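Enquirer: Letter by letter, the chains look like this.
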Amino acid sequence: ETGVTQSPTHLIKTRGQQVTLRCSSQSGHNTVSWYQQALGQGPQFIFQYYREEENGRGNFPPRFSGLQFPNYSSELNVNALELDDSALYLCAYIRAATYEQYFGPGTRLTVT
Amino acid sequence: GESVGLHLPTLSVQEGDNSIINCAYSNSASDYFIWYKQESGKGPQFIIDIRSNMDKRQGQRVTVLLNKTVKHLSLQIAATQPGDSAVYFCAEILVKWAGANNLFFGTGTRLTVIP
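Protein chains in written order, with the working numbering: chain P, 1 to 112; chain Z, 1 to 115.
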């Protein structure tokens, strides 16, 4: 087990709605990345947070936004949901001074 | 549980045989490569990594080979077990001194071990 938890496990939303996904770690690592994994694909980098600031972003539109809190837990928010947003959303905490990322089990989002 | 990767390349091996999973990476400047294992319903799990200045690294029952000339990475699993059945991803990192060191994942290969 990686000690990374995500909630909820599964979520069903309709097109146009907004969603918030959550991620936390027991490890105390201060850097967290979010990934989108469509069915049959590898995870795609959305963005990373380091000490509550966005530290890099992949090729995702501004309706994908995030937060990191003082306890290093994090949220991913998606506005104006589209059908193509249906995917497994993964968060990963990064061990300092290495490139090892510890992934949570993911949140399966279905947009209908 | 979750079904990850319905249309991935597949590899079927007999229990006890060795498995070789291949990956072509895209960026010749990448500094670091990692293999992940993803079981149904779970996030990717770190297996082994290798730096770009190495060509081979061994772990417990696993070996990673890196050929920078042709931008090819392979994962060898010795004495494959049923618990090795999963989707395997290679990922590359271009190290940045500022900003995110994000992973770029390959497509993945589904390994099925036949008892």
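Hints are computed from structural coordinates only; laboratory data are not their basis. This structure is a prediction, so every number in the text was calculated from the model and none was measured. Watch out, some of these pointers could steer you wrong.
[As the list claims (entries may be wrong)] Far from chain P by the CB rule (all over 10 angstroms, computed), these chain Z residues:
(1) E15
(2) D17
(3) G43
(4) N102
[Stated by the list, open to error] Among the chain Z residues that face chain P by a calculated CB cut under 10 angstroms, a handful are:
(5) N22
(6) A24
(7) Y36
(8) G59
(9) V62
(10) L65
(11) L66
(12) K68
(13) N101
(14) L103
(15) F104
Where a beta carbon is used, it is the ideal one built from N, C-alpha and C, also for glycine.
Enquirer: It remains to establish, for every hint, whether it holds in the given structure.
Expert: Status of each hint after checking the structure:
1. With 10 angstroms as the threshold on Cβ separation, the claim that Z/E15 sits away from chain P holds: the shortest Cβ distance comes to roughly 26 angstroms.
2. Annotated as non-interface, Z/D17 keeps its C-beta farther than 10 angstroms from every C-beta of chain P; the closest such distance is 26 angstroms.
3. Here Z/G43 does not stay apart from chain P, with its beta-carbon only about 3 angstroms from theirs, under the 10 angstroms limit.
4. Against chain P, the non-interface label of Z/N102 is violated: not every CB pair exceeds 10 angstroms, the least being about 4 angstroms.
5. Against a cut-off of 10 angstroms between C-beta atoms, the interface hint on Z/N22 is violated, since the closest Cβ of chain P lies about 15 angstroms away.
6. For Z/A24, the interface hint is violated, the least distance from its beta-carbon to any beta-carbon of chain P being 13 angstroms, above 10 angstroms.
7. Below 10 angstroms, beta-carbon pairs count as interface contacts, and Z/Y36 has one with chain P at about 8 angstroms; its hint therefore holds.
8. Checking Z/G59 against chain P: minimum C-beta separation of about 13 angstroms lies over 10 angstroms; hint violated.
9. With 10 angstroms as the threshold, the beta carbon of Z/V62 stays out of range of chain P, its nearest partner Cβ sitting at about 15 angstroms, so the hint is violated.
10. Violation of the interface hint for Z/L65 is found here, the shortest Cβ-Cβ separation to chain P being roughly 19 angstroms, above the 10 angstroms cut-off.
11. With a least beta-carbon distance of about 15 angstroms to chain P, the hint placing Z/L66 at the interface is violated under the 10 angstroms criterion.
12. The interface hint given for Z/K68 is violated, since its Cβ lies 18 angstroms from the closest Cβ of chain P, which is over the 10 angstroms cut-off.
13. Among the interface hints, the one on Z/N101 holds; its C-beta lies about 6 angstroms from the nearest C-beta in chain P, closer than the 10 angstroms criterion.
14. For Z/L103, the interface hint holds, the least distance from its beta-carbon to any beta-carbon of chain P being 6 angstroms, beneath 10 angstroms.
15. About 7 angstroms separates the beta-carbon of Z/F104 from the nearest beta-carbon of chain P, less than 10 angstroms, and the hint is met.
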